[in-house]
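From first to last, the protein sequence lines are chains U and A.
All you need for my numbering is the position in the first sequence, starting with 1, plus 1212.
All you need for my numbering is the position in the second sequence, starting with 1, plus 60.
Just so you know, these hints were derived from the structure itself, not from any lab.
Positions of the beta carbon are idealized from the N, C-alpha and C atoms, including for glycine.
Incorrect hints may have been included.
What the hints assert, rightly or not - In silico lysine-lysine, DSS-like type, Cα no more than 30 Å apart, as pairs: (1) U/1284 x A/189; (2) A/168 x U/1288; (3) U/1398 x U/1413; (4) A/109 x A/147; (5) A/107 x U/1268; (6) A/189 x A/329; (7) U/1359 x U/1288; (8) A/303 x U/1313.
Claimed, not checked - Every beta carbon over 12 Å from chain U, so not counted as near; a handful from chain A, in silico: (9) 165; (10) 262; (11) 287; (12) 297; (13) 324.
Unchecked claim - Quick list of the computed label-pair ranges, beta carbon to beta carbon: (14) A/255 x U/1293: 27 to 33 Å; (15) A/82 x U/1449: 51 to 57 Å; (16) U/1241 x A/143: 29 to 35 Å; (17) U/1220 x A/218: 19 to 25 Å; (18) A/255 x U/1368: 53 to 59 Å; (19) U/1220 x A/201: 28 to 34 Å; (20) U/1306 x A/143: 43 to 49 Å.
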Amino acid sequence: MNQKDFNDILIEVISNRSATMDLIASYIKNSPHLTALRAIEVYQEDYQARLTEALKNTYRASYFLLGDREFKHLAKDYISSYPSQSSDLDDYGFDMELFLKSHQLGKEYPFLSSMIHFEWTFRNIFHKKWDIGLAGSEIEKAIMDDKPIYLVNSLCFLQYDFLISKLYFLKDNNSDYQNPIEYENKEFIIMYKKNEIVLIKTFSQNQWQFLKIITAPTSFSKLIQEGETLVTKNELQDIFHFLNINSLLKY
Amino acid sequence: MSVKQLINPANIFGVGLRSPHYSYLEQSPKTEVGWLEIISENYFRTKGKPRLVLENLRSQFPISCHGVSLSIASYEEFDLKYLHDLKMFYDEIDPFLISDHLCFTGKKLNNLHNLLPFAYNHENLHHLKNRIDQVQSILGRQLAFENLSAYFDYNSSSMTEWEFISELTKSTDCHLLLDLNNVFVNSHNHQFSPIDFLSMIDFNRVKEIHMAGYSIRENFYFDSHSNPLYPEVIALYESVLSKKKNIPVLFEWDENIPPFEVLEAQIIKLKTIWSKAID
């Protein structure tokens, strides 16, 4: 067998643990410390461990919520269905949300799919260039001049049927986990970047929808007109205070 | 854009930059570490914090870029998008060295992220020569290739690893990244003398040395980068110093990464050995 054909089979053996292991082993030297079969197993184990670790790094909260045994079970099933197709291991796990739709754990834990979506979005924002908005005084001037204002692009809108942020932060605070928590409620979130740190803020549905208007350049007068049924004057002040102190607006 | 930093001949010892050390290094501490090596794939496409940290650190430290996904020994076509992005990244970072491994890592649609060995024979020598010429031409730079820690060898190998490497570096004008831990791990697992390996190496081709601590599994050694240096690996470095003294040396730690000071302690140990050798 030439090297090209051998490579193809070895890749299959390592990633799928297929039955051709004996065939591959016949091309490999036994050494006093490692038989050919054991050597292949070392690569199989390393492959599983490496990809599982990558998933654990991306989906830290899901790992915490599922626990080691169930997460590893999920990872094993995912790895056997979705090989890595990127040169960067950090990209691994993109299809997990889709995968969960047909996986038993996705049915057992209805919030899991949302958590996976949240954590993958977190990863995307983390790797995105921090888009810094304008200082408060500049925005005030733009509002006075009724220039179109819009949100920076290192930010995204998320909505879930569960209190995902509450579940997400459990990984950082073990004590809350001792008590049953109420998480079956809708949640509206903005995920954004400040000083290269990914942050989140939750809003009411109306506030969140009001903010969505500014994803496209909109003059302040038009914004007030379109948003008057969504937020009160006080809420409007709070929203603009939040946008200003986090430099999330441009014009 | 900061100015490229070059290796200080009086401090040739570096460490692998890993994210748990970002906040420590961002405080610009006084350090024994003379340069940093990064994993190219962890930085070349992100526009987030890792890239910002790298941009700041490269004004303070010389940078070496070490890749893990080139898959030079693969029989598939190169991923040209990957090479294009790498080239852009190297042009921006302007490292003092770029490197990858003598291995294949899987296929484009099934990247195992494993560093897999190939047979040391003329078929692969010819294949790798062509591939290295091609990639050096695309990137417009010479590369250094790292000798692998391999857990098996092929029945179809017709030469030793060191004969293969020696032939390859001669015929392609590429450099060698000599990993002493890998030499030692392989010498134990495959029963050869590490000194035989080192005696065949043209040290003018060696542009960087890697050192790390392996782990012991069952009765074989595993290249886990998870421990301080073992005396046997340090002895190999002493042997290298008797041949050439100014090759940049990297200490790497990748599993259960300890505080930066632990890595520095290893650097201090290596510096002491180096100082004695140059006296």
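Cross-check of the supplied hints:
no., hint, result
1, U/1284 x A/189, "41 Å, violated"
2, A/168 x U/1288, "21 Å, holds"
3, U/1398 x U/1413, "14 Å, holds"
4, A/109 x A/147, "21 Å, holds"
5, A/107 x U/1268, "22 Å, holds"
6, A/189 x A/329, "38 Å, violated"
7, U/1359 x U/1288, "53 Å, violated"
8, A/303 x U/1313, "60 Å, violated"
9, 165, "8 Å, violated"
10, 262, "25 Å, holds"
11, 287, "17 Å, holds"
12, 297, "24 Å, holds"
13, 324, "25 Å, holds"
14, A/255 x U/1293: 27 to 33 Å, "47 Å, violated"
15, A/82 x U/1449: 51 to 57 Å, "37 Å, violated"
16, U/1241 x A/143: 29 to 35 Å, "33 Å, holds"
17, U/1220 x A/218: 19 to 25 Å, "22 Å, holds"
18, A/255 x U/1368: 53 to 59 Å, "58 Å, holds"
19, U/1220 x A/201: 28 to 34 Å, "30 Å, holds"
20, U/1306 x A/143: 43 to 49 Å, "22 Å, violated"
When held up to the earlier numbered hints, the structure conflicts with 1, 6, 7, 8, 9, 14, 15, 20 and fits the remainder.
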